[in-house]
Amino acid sequence: MKRKFYGFMFYNEKLPLVFLILIIFSFRSVYSSDLQHKHSDFILCRLCGHNIAPATHVINIQSPAAEKIYNRSLFGLDNVEVQRIRNPLGIEFNIVLSTGGTCVGRRERWKSHNSWFPGYLWKPCFCSNCSQHIGWIFEPIQSAHEERAYASTKGFYALILDNIISEDYSDSLLATPKISSRDEL
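The sequence shown begins at 1 in full-length UniProt numbering and counts up one residue at a time.
To be clear, the hints were calculated from the coordinates, so they are not data collected in a lab.
All C-beta atoms in this analysis are idealised placements derived from N, C-alpha and C, irrespective of residue type, glycine included.
There's no promise every hint is true.
[Said to hold, decoys possible] Dumping the calculated DSS-like pairs for lysine-lysine here, alpha-carbon to alpha-carbon at most 25 Å:
#, residue 1, residue 2
1, 123, 154
2, 111, 123
3, 154, 111
4, 68, 111
5, 123, 68
[Said to hold, decoys possible] The calculated label-pair distances, taken between Cβ atoms and stated as ranges, are:
#, residue 1, residue 2, range
6, 179, 153, 47 to 55 Å
7, 40, 109, 16 to 24 Å
8, 90, 56, 13 to 21 Å
9, 129, 56, 19 to 27 Å
10, 78, 141, 19 to 27 Å
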C-alpha cells in the first residue's frame, strides 16, 4: 500500500477521489462563513424603491471609528455587521457595507479628512433614480479618480441603514386589493 503525504493528510490511492474533494471543499473561507445566506434579496432605496445592490454583495469590514458594532439578520443574511459611526458634526449613522451597487457618487473630489476607513478616500453617493443620499463610496487612495462615480472592485459602499430597505420586507408591506364580484356591489 503506497501512501503519499499532502501537507495536511496522508492520501491512500485506494481512497476515492470524491472523498478527497469533499474533505478539501469542506474547509470554509473566513469571508464565506461570516455571512450565512438564507436566500437572495435586494437592497432598495427606502424613498423610491430603486435597486441599490444585491444582498449577496454585503460585506463585513470593521471601521476603527465605529462607536458600536452589532450583528443583525438583514437582507436575507445572518451576521450582517451594523456599525454606528459619527460624522464631524456629531450626526450618528448606522451603516452596512456593500461591494457593489448603483449608488452614484457625484463628480467631485474625493475627501481624505475624517475617513472612517484608513487608507480609503470617500465621497457621498446617491440613489441613481431619485437622488436620495444613500451613503458613501470608499475607494483606495490609488484608484480614487475624480471622474469615478462607482466603487471599483477594491472599493465599497457604506449604506445608511435608515435610507435603505430590504426588497423582501418592502414586498411584505404591499397590500393587494380584494376583488369582489358584481353581485356583492
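Practice task
Determine whether the Cβ-Cβ distance between residue 90 and residue 56 falls within the hinted range of 13 to 21 Å.
Solution key: Between residue 90 and residue 56, where Cβ atoms are some 34 Å apart, the hint is violated.
Exercise for the section: Take a quick look at whether residue 68 and residue 111 sit within 25 Å of each other, Cα to Cα. Expected result: holds, 24 Å
Practice task
For the range 16 to 24 Å, tell me whether the beta carbons of residue 40 and residue 109 fit it or not.
Solution key: violated, 36 Å
Practice task
Compare the distance between the alpha carbons of residue 111 and residue 123 with 25 Å, and conclude whether the hinted pair is satisfied.
Solution key: holds, 6 Å
Exercise for the section: Check the following: the C-beta atoms of residue 78 and residue 141 are separated by a distance inside 19 to 27 Å. Expected result: Between residue 78 and residue 141, where Cβ atoms are some 33 Å apart, the hint is violated.
Practice task
For the pair we were handed, residue 123 and residue 68, check the Cα-Cα distance against 25 Å.
Solution key: holds, 22 Å
Exercise for the section: Given the range 47 to 55 Å, decide if the beta-carbon distance of residue 179 to residue 153 lies inside it. Expected result: For residue 179 and residue 153 the Cβ distance comes to about 48 Å; the hint holds.
Problem - Range hint 19 to 27 Å (beta carbons of residue 129 and residue 56) holds or violated - result: Holds: the Cβ-Cβ distance is about 21 Å, inside 19 to 27 Å.
Handout entry: Hint consistency between residue 154 and residue 111 [alpha-carbon to alpha-carbon, up to 25 Å]
Key = holds, 17 Å
Practice task
Starting from residue 123, check that the Cα of residue 154 is at most 25 Å away, please.
Solution key: At roughly 15 Å apart (the allowed maximum being 25 Å), residue 154 and residue 123 satisfy the hint.
The structure does not agree with the numbered hints 7, 8, 10 stated previously, though it agrees with the rest.
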